[in-house]
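Start from chain A and add chains B, C and D with the ligands according to the hints.
Chains as they are written, first to last, in the working numbering: chain A, 1 to 368; chain B, 1 to 368; chain C, 1 to 413; chain D, 1 to 413.
Careful, some of the hints might be misleading.
[Said to hold, decoys possible] Below 27 Å or equal to it, Euclidean Cα-Cα: the simulated DSS-like pairs (lysine-lysine) are:
1. A:Lys10 x A:Lys105
2. B:Lys231 x D:Lys113
3. D:Lys66 x C:Lys344
4. C:Lys83 x C:Lys66
5. B:Lys35 x D:Lys202
6. B:Lys322 x D:Lys243
7. B:Lys11 x D:Lys113
8. D:Lys243 x B:Lys9
9. B:Lys10 x D:Lys202
10. C:Lys271 x A:Lys32
11. C:Lys336 x A:Lys9
Hints in this document: simulated from the structure, not taken from any laboratory.
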Amino acid sequence: MITPASRFKKKLPVPYTDSLPDEIKGNVGKWKDRKFHDHGIIEHISESGEHVFSVKVGATPNVRFSTDTLRKFSGIADQYGIHALRFTRSGNVELLANSLENSLKIKQAVEDLGYFVGGVGNTLWSIGSCTAYLTCTTAVVDSPSLTKVLYDNFKSYFTGEDPLPAKLRINVGGCPTSCGGLVADIVLIGHYGDAPSYDPEKIKMCLPAKADSLDKAVPELVMVCPVNAIKAYKKEDNSVGIDIIREKCIGCGRCKDVCDHITFDPHKAGLSILVGGKTSNTGFGPALARVLVPWIPVRTPEYREAVAVVSKLIDIWKSNGKPGERMSDYVHRIGLSELQKMLDIPVTRWNKPTSPPSGFGVRQFLTE
Amino acid sequence: MITPASRFKKKLPVPYTDSLPDEIKGNVGKWKDRKFHDHGIIEHISESGEHVFSVKVGATPNVRFSTDTLRKFSGIADQYGIHALRFTRSGNVELLANSLENSLKIKQAVEDLGYFVGGVGNTLWSIGSCTAYLTCTTAVVDSPSLTKVLYDNFKSYFTGEDPLPAKLRINVGGCPTSCGGLVADIVLIGHYGDAPSYDPEKIKMCLPAKADSLDKAVPELVMVCPVNAIKAYKKEDNSVGIDIIREKCIGCGRCKDVCDHITFDPHKAGLSILVGGKTSNTGFGPALARVLVPWIPVRTPEYREAVAVVSKLIDIWKSNGKPGERMSDYVHRIGLSELQKMLDIPVTRWNKPTSPPSGFGVRQFLTE
Amino acid sequence: MKISEGEFKERENDDVLSKGLELLEYYEKGPWPSHVTEIRKTKYPIEVYASGLGKGESQWYGGSAKIRYVYVGFISRRSKDGKQTELHFRVFHPSGQFYTTEALGKLLDFADKYGLGLIETTGQTGGMIISMDADLADEAVDVLRSIGTDIGDTGDTFRDFASCVGPALCEYAMYDSLAARDYYLAYPPIYENLSNQQFPFKVKLKFSACPMDCARAAHRADFAFIGMWDGAPDVDQDLLRKKEEEGELKIHHLVEECPSGAITWDEERKKIEISAGKCQKSMNCIRRAFPAIKPGKDRKVALLAGGNIKGRFGPKMAKPVAILDDYRQAGDFIMKIIEIWEEKSPHKERIGDMLFKEGFGKVIDGVKDTLPTNLQGIPVGQTRIINSAVLNDAERRMYSEWARRITDEYGGD
Amino acid sequence: MKISEGEFKERENDDVLSKGLELLEYYEKGPWPSHVTEIRKTKYPIEVYASGLGKGESQWYGGSAKIRYVYVGFISRRSKDGKQTELHFRVFHPSGQFYTTEALGKLLDFADKYGLGLIETTGQTGGMIISMDADLADEAVDVLRSIGTDIGDTGDTFRDFASCVGPALCEYAMYDSLAARDYYLAYPPIYENLSNQQFPFKVKLKFSACPMDCARAAHRADFAFIGMWDGAPDVDQDLLRKKEEEGELKIHHLVEECPSGAITWDEERKKIEISAGKCQKSMNCIRRAFPAIKPGKDRKVALLAGGNIKGRFGPKMAKPVAILDDYRQAGDFIMKIIEIWEEKSPHKERIGDMLFKEGFGKVIDGVKDTLPTNLQGIPVGQTRIINSAVLNDAERRMYSEWARRITDEYGGD
Ligand code: SRM
Ligand code: SRM
Ligand code: SRM
Ligand code: SRM
Ligand code: SF4
Ligand code: SF4
Ligand code: SF4
Ligand code: SF4
Ligand code: SF4
Ligand code: SF4
Ligand code: SF4
Ligand code: SF4
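One chain only, chain A, in its complex shape (with noise of 0.2 Å):
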């Protein structure tokens, strides 16, 4: 029977070292060097003198796998790995294996079922894709579709049959929230391009019932606009009415989060497009990205101006970029607005360079 207090017991996942096959099991914080093999597999050598192969697997966008797909690769593992494998946190799925031998039976058994091993080394590791359509409620454009056409696209960078001057991440969020973050080397938002209007009538179920309320508390839907765009007053009848400051509005939808009858017209919306960013500590450092683009139209299915600016930018890079360097640090050493003027991108408040982020991270110590 289900009681509050046989409910109310939470089970923590199990301790990380019952999830490890064995291989790794005695080789936990031994591991003394790594080589790469065939851009998609690492072989982790240890102190021990064991080796362990991980086969780097690219995911479908949003990382969603039918538990078929998934039965099948814990086959594979079974019939030519070490019987376990692992998601990474940036989504792609490794199978692991006891030997080179046995990695590439992997990876010819991954590429029989339509998926493709890669991501290592100076690749495309991955494209981030937040759910969007398929279970969330603020998407403005669909991340999952623009995704997976962008992987369409460049799926050679991937596989490492294309070379990159160095490890490209790259983001696609379906909103302002971008819960996919700004720390990717490019990054694609959805977002509204307006400035929200809603019905009057409507919008009172956001509001106090009583305009006498005012002066005690600000409404939560004035509240959360980041820039004051919202300003609420008392009408004649004692009810709460509100303004919209198109001016000073950033479209960021905050108020929509908060209040269902926030309208944003859908033919407005547009991806911007941001560059240099990064959270590792190589070169120039952790920062966010950049605004780039502010806007550029959402046509599906070949959403082709996005993959137009991804194309440039990548090609831009490649033929600029040094080796080893990753684009947000090219960025960063040309500066936004040198790329700007090789993009010949309009400039307007939306996109004009401000002093780029920087000295984040563990540099932020500096201890002796």
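The following block gives chains B, C and D with the ligands in isolation, referenced to the frame of chain A:
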């Protein structure tokens, strides 16, 4: 007659252009290059083709001159110079001339007066000293006499006879207030070396008369202590008593600044020696000096301990610093702990290296 | 012929749907494995996705579901046309996200039996998302717990914590980021709040075992733990020269690439020198020359706070709090910051917003007694430089003796 | 024989004094010009200094003096034995501290007639300190004003402002630091407060015309103005090569010494490249290779705030506020910060303490409308990244067209 109206009308110093000699007036903002001569003469070369020379003369400790001496400098400026001189930000006197030949004559004349020319390029630019026993009430150690001894010992670094890797700035402060600041390569500071004590009766003059007031406001004497080492409490007779917690006290003297009845045992006073400060954005950039030696005895007249430590620091830097590397940058490069090891100095909580203050100055902006 | 408004809507919806279904087909083509193809193999209501694509707008509204005595960890949706619902569990992975095929099998069985056969194996936060059969959800919770994990990771409370793969596979790991995640999930004040407490908003912890920050902690966590070390990297000069001779690397590249100019080449002695003070722990030389260059031996954990993506004031990078000797040292600190946050912040304000609003240095400084006192680097607020000292007699004697030695060396007394 | 306490004190004082006088003699020897020798030529009460040295303790207490309708700019002292007094004026130099011999002559006559014939020509703040004859002090003020300067620089108000020599003699000057000092001394809200206002504590402004910061502004001023530029330094590649050929410098030293690794050597094209994004404006390459390398042409003034030496919370370096196009842009900002400071701070709390206490980012952010809106770098608080946009139709068309062009380039529409 002196009226409030006439007195309240303040007089600002003349606009700077009015105080310039004619040879400089026309060249403001036009200097296109400079040459150094003889470690003490700077030749300023203008776009106009004109040249102005400044001959830098080292000042007495605390930059104290009799009008007699200043008249003599003035006379030299009239005889060989362009009838003008200036006082530098760091306490030297610069006599201005229009040719190298005249500059050398100025140099000779100044030396005949018992003064030295130097402080240009890779030399000791000056030893800054506050006023201390000459006029200051809070002085613990007399900085002018200590500065005199240091200058006597390190004169050849000022004149350039003895070359240094780069510019060197030393500052001497008579008390922890350190009017000279902490942005010199070497900073010597007089301090009490001890926690304060007080006469329980006299201290009442610095405290509120009645303990009731403690509920309303913290007495200034308690408030000024930066580490909350002073506690006020209510005595039986409703007067106020204090405790000074020795374990917390850092001996900063802020309590004495606001209350003359706080006393320190003069026999425990000493000098702390800090290194690694600078304000220029070169190299490691601006940084506060940090404590290398928390305390050495103060023994007049020779201040031998201070001279020995500064000598050793300069020697270490001379043999290990790179050409052009400020002592401060050298200390940052090797780390304060490393320097402490080389000096074999005991490390206590008072000179334990913490994270070096860095990343200051203009690099905090880093615009593109 | 006049059609009713209802009928009109219906037709319009049909148009949208058929456009959407076409789009689905499009997204099943192309070389890269398709999410649509995967989803088609499951019981997920794919028409809602199709309508969304057709309309260019997500077709989901927030829904509601009830699981007895469980308040967070699941998310319910209803489609805008009211016809479909969707429910998914956010499920904790074991740290490192390793699975033996046996353990994975149990999860897959679970997803087939209680769910729709569809899994997002790594969400952006690092968790796993399993699409559920709403009718079986209540029962499913207990079953999930019986196979060794639980739901969580929603609501205004602690979310899932993420760690990099760390020492389990990575040669750079400087502390055990996986054990650290396990430790903090089980840390009593956190464990207690995992699914109850109503904080102003969500709280995330992320653990990267080295400055490469594979767990993306510096931006995507309220509290970030990043492995680092004290001093300069360790160099094996012989091995380094050997690597250069064998053409594996060029030493002058290491010198040039070091972002802080910490590396110099000593031509005379044919070795590199690394400045401890300058090194910014970028890992650059290390990853290029490993194992000839390794992190220094004195390992530390950098604790940063206040990163997040949106919040009230927009995206933020985490800021430095302290350098810890051990990842376990931050528990009190975290809970104290949360206490202040509960007091100061309205709904939807992340910890980083609060720190920004109240002043990072001020808040951190105010709680610094929750951190060990022997901290090596407290970069918060200002660097305290105390140029005076309060010595006891023994210390005074010690420094007097030292002064005498150095005075003797320089000319005697 | 029994001696009275008074007599005992007297004798003790005599001992102290005679020890002090010996010390004075000692400090007149040695190669370096002696302050004692200088002082002996004046009317300063040198016995008080001697007693101080003899006793190992300053022999001065705060004193008091009255000058009609003038409240700041002079300091009065009385000796601990009550026998002597001392009074000195803190006097403004012209910016740059230049004097024609004629102008200096007037000051010297003044110091002889109304003073003791003793001058500290550059105090640590940058002003001049003239020891006075207390009886003539009142009259002296007017005389001083008649020769074109005034007293000031004490009290809880604006102190003397300091500037580097700047464009008057220095080839690096990026703005007119001397004119800037003149401007702010005469800036009405400052001028008004120069000798009246009772702020919580002192306020200092310092002006350095380049990042070498010869005015020591970054630590010793509440408001620091430091010249800088936008982008990379300007390079004259031919002149640079020439300098190397002539042995004046080694280019690879420039590369190695650049603290931010911004300079690279292009072996092929035989020229250096400087990264605009990386350059930290250290002036290193510039001072080594001037004029082959010069500051970039787009000149700016960095405004920093909150530096000071002691305050309530100890020594502080100034923090970044904004990059100005013109040094005149900070007036409102300064006065607004002072207003907040007056409200928030008790006595003896410097502006830097207040900023630290209240949160630097918060305070600065709150007054940012006092600064020009086209600021290039507002590093305060957090960097605002807005990943959305509100476009008007023209903008939308513009970006659509751009997108079309780039789409055409990549495979057509
Ligand atoms: C597996 C993974 C951690 C995990 O817990 O899942 C991982 C593991 C490693 N990372 Fe990472 N990184 C992983 C995500 C990341 C991320 C996060 C991301 O991309 O979203 C980053 C930060 C990227 C950024 O800066 O925004 C990241 C930044 C790095 C870097 C620094 C790259 C750089 O140039 O800045 C390295 C070093 C390198 O590539 O030379 C690195 C290197 C490594 C290596 C390959 C170490 C090596 O070179 O030997 C690690 C292999 C461990 C192993 O032996 O299996 N890892 N690594 C993640 C794999 C993602 C994937 O599916 O492809
Ligand atoms: C005259 C003076 C400014 C003034 O308004 O009085 C001055 C003027 C110059 N400074 Fe300075 N500095 C002056 C105090 C300073 C200070 C403040 C101090 O020492 O207290 C600093 C900051 C020191 C620090 O970092 O703590 C300072 C940091 C520099 C630097 C950077 C040095 C470095 O290695 O970091 C240079 C460039 C150099 O030496 O290569 C420099 C260079 C110069 C030069 C010599 C420019 C040049 O190399 O051509 C300027 C000469 C102007 C001229 O032509 O007359 N000046 N300079 C100050 C002379 C002081 C003196 O009496 O000796
Ligand atoms: C599922 C997931 C995207 C995915 O497909 O991977 C996701 C999906 C949503 N996120 Fe997220 N976020 C997901 C990881 C993140 C991350 C990534 C991370 O933690 O590294 C972030 C950025 C980090 C951070 O916390 O700052 C993130 C920042 C947000 C925010 C902004 C929070 C803030 O800073 O203010 C919101 C808005 C909110 O909660 O109001 C949000 C809100 C949402 C909502 C709840 C919006 C909504 O109401 O529909 C989405 C629910 C979709 C759904 O049906 O589940 N999501 N969200 C990710 C969770 C999977 C997992 O648990 O592993
Ligand atoms: C005269 C001078 C030293 C010198 O011989 O050069 C000096 C002397 C005193 N300073 Fe200072 N300070 C002098 C420049 C400075 C500077 C340098 C600067 O501005 O660049 C500083 C550091 C910068 C700053 O403001 O932070 C400085 C920071 C202080 C402080 C600490 C203020 C604080 O940050 O809290 C005090 C303590 C106080 O005012 O309570 C102080 C207090 C004092 C007092 C008033 C202490 C006292 O009550 O006796 C000294 C008065 C001596 C006297 O009889 O005139 N003095 N003082 C300098 C003024 C000359 C001038 O006007 O040109
Ligand atoms: S980024 Fe936006 S659309 Fe995507 S999952 Fe997060 S909230 Fe939803
Ligand atoms: S979209 Fe954002 S900026 Fe615009 S009104 Fe809504 S909350 Fe404010
Ligand atoms: S440092 Fe101390 S002793 Fe020297 S003048 Fe300043 S307050 Fe006086
Ligand atoms: S000396 Fe400083 S730390 Fe000690 S009690 Fe006085 S004010 Fe406090
Ligand atoms: S953060 Fe460092 S230790 Fe962790 S997986 Fe990445 S490279 Fe390895
Ligand atoms: S770790 Fe990075 S900053 Fe440190 S020495 Fe190596 S390359 Fe330079
Ligand atoms: S700060 Fe710069 S401009 Fe001013 S004197 Fe010094 S070197 Fe010249
Ligand atoms: S000014 Fe300094 S940081 Fe900039 S390029 Fe020159 S040396 Fe490098």
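Going down the list of hints, with the structure as the test:
1. For the hint linking Lys10 (chain A) to Lys105 (chain A), the alpha-carbon distance of about 41 Å lies beyond 27 Å, and the restraint is violated.
2. A threshold of 27 Å between alpha carbons decides the hint, and for Lys231 (chain B) with Lys113 (chain D) the separation of about 51 Å lies outside it, so the pair is violated.
3. The hinted pair formed by Lys66 (chain D) and Lys344 (chain C) fails the criterion: a straight-line CA distance of about 51 Å is larger than 27 Å.
4. With a C-alpha separation of about 19 Å, the suggested pair Lys83 (chain C) and Lys66 (chain C) falls inside the 27 Å cut-off, and the hint holds.
5. With a CA separation close to 39 Å, the supplied pair Lys35 (chain B) and Lys202 (chain D) exceeds the 27 Å bound.
6. A threshold of 27 Å between alpha carbons decides the hint, and for Lys322 (chain B) with Lys243 (chain D) the separation of about 21 Å falls inside it, so the pair holds.
7. A threshold of 27 Å between alpha carbons decides the hint, and for Lys11 (chain B) with Lys113 (chain D) the separation of about 20 Å falls inside it, so the pair holds.
8. Taking the CA atoms of Lys243 (chain D) and Lys9 (chain B), the gap is about 55 Å. The hint is violated against a cut of 27 Å.
9. Pair hint Lys10 (chain B) plus Lys202 (chain D) holds up; C-alpha atoms about 19 Å apart against a cutoff of 27 Å.
10. Of the supplied pair hints, the one linking Lys271 (chain C) and Lys32 (chain A) holds, its CA atoms being roughly 23 Å apart against a limit of 27 Å.
11. With a C-alpha separation of about 25 Å, the suggested pair Lys336 (chain C) and Lys9 (chain A) falls inside the 27 Å cut-off, and the hint holds.
Of the numbered hints stated above, those contradicted by the structure are hints 1, 2, 3, 5, 8, listed in ascending order.
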